[in-house]
Amino acid sequence: MTIDELADRLVTLCREGNYEQAQRELYSNDAKSIEPTSAQGMPSVQGLDAIIAKGNQFQRMIQEIHGGHVGGPLIAGNTIAITISLDATFTDGTRQTINELAVYTVQNGKIIEEQFFY
1 MTIDELADRL VTLCREGNYE QAQRELYSND AKSIEPTSAQ GMPSVQGLDA
51 IIAKGNQFQR MIQEIHGGHV GGPLIAGNTI AITISLDATF TDGTRQTINE
101 LAVYTVQNGK IIEEQFFY
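Position 7 of the sequence shown, counted from 1, bears residue number 7 in full-length UniProt numbering, the numbering being contiguous throughout.
One or more hints might be untrue.
[Said to hold, decoys possible] Simulated pairs of lysine to aspartate or glutamate, DMTMM-like, Cα-Cα distance not exceeding 25 Å:
no.: 1; residue 1: 110; residue 2: 4
no.: 2; residue 1: 110; residue 2: 87
no.: 3; residue 1: 110; residue 2: 8
no.: 4; residue 1: 32; residue 2: 100
no.: 5; residue 1: 54; residue 2: 64
no.: 6; residue 1: 110; residue 2: 92
no.: 7; residue 1: 110; residue 2: 35
no.: 8; residue 1: 110; residue 2: 64
no.: 9; residue 1: 110; residue 2: 100
no.: 10; residue 1: 54; residue 2: 114
no.: 11; residue 1: 32; residue 2: 49
no.: 12; residue 1: 54; residue 2: 20
Simulated from the structure, these hints should not be mistaken for lab results. On a predicted model such as this, the values are computed, not experimentally measured, just so you know.
All chains should be modelled from the sequences, with the hints used to inform the complete structure.
Spelled out as C-alpha cells, the structure:
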C-alpha cells in the first residue's frame, strides 16, 4: 500500500468513526502512540494492543458525541497529518470541543508512530 492509499484509508475509517479498525489494518504491531505531556489520563504507549486499549479507555470516558470532523490528509515524505475535532460530553458531565493535530509516521506500508498535539 502506498502512503497515499494508506492516508486515504486512514481518513476514511476515521471519518466513519472506525478508529480501532484503522489501527488493526494500518498499524504495525509495535507502533508507538505519543500523547502530549499535558494529557491527563491518556498515556503514551507502545504496541498495537496497548494502542487499542488506550482508544477503548478514551471511548469509555465519552457519554455522548455531538459532532466532529476529520480533515486532511496532508502527506510529506513518510509522514501523514490529519486534523480531528470532537464535540462530546464526557462521563463527568463536562462538554468539551477537542481540536487536535494527529501526525503519523509510516514505514514499509504501516503506521509505526502516531503523535497527537492538542
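Mind checking the alpha carbons of residue 32 and residue 49 for me, to see if they're no more than 25 Å apart?
The given pair, whose Cα atoms are some 11 Å apart, holds under the 25 Å limit.
Would you check the hint for residue 110 and residue 64, treating anything up to 25 Å between C-alpha atoms as holding?
It is violated: about 31 Å lies between the C-alpha atoms, which goes past 25 Å.
Is the straight-line distance between the alpha-carbon of residue 110 and that of residue 8 25 Å or less?
At roughly 13 Å apart (the allowed maximum being 25 Å), residue 8 and residue 110 satisfy the hint.
Under the criterion that the straight-line Cα-Cα distance not exceed 25 Å, is the pair residue 110, residue 87 satisfied?
Roughly 29 Å between the alpha carbons, so the hint for residue 110 and residue 87 is violated.
Between residue 110 and residue 92, is the straight-line Cα distance small enough, at 25 Å or below?
violated (36 Å)
Is the straight-line distance between the alpha-carbon of residue 110 and that of residue 4 25 Å or less?
holds (12 Å)
Please verify whether residue 54 and residue 20 have alpha carbons no more than 25 Å apart.
holds (10 Å)
Within 25 Å, alpha carbon to alpha carbon, are residue 110 and residue 100?
holds (22 Å)
Holds or violated: residue 32 with residue 100, Cα cutoff 25 Å?
Distance ~18 Å between residue 32 and residue 100 Cα, so the pair holds.
Would the hint linking residue 54 and residue 114 be met if the CA-CA limit is 25 Å?
holds (13 Å)
With the threshold set at 25 Å, check whether the alpha-carbon distance from residue 54 to residue 64 stays at or below it.
Holds, because 18 Å separates the two Cα atoms, which is no more than 25 Å.
With the threshold set at 25 Å, check whether the alpha-carbon distance from residue 110 to residue 35 stays at or below it.
At roughly 20 Å apart (the allowed maximum being 25 Å), residue 35 and residue 110 satisfy the hint.
The structure does not agree with the numbered hints 2, 6, 8 stated previously, though it agrees with the rest.
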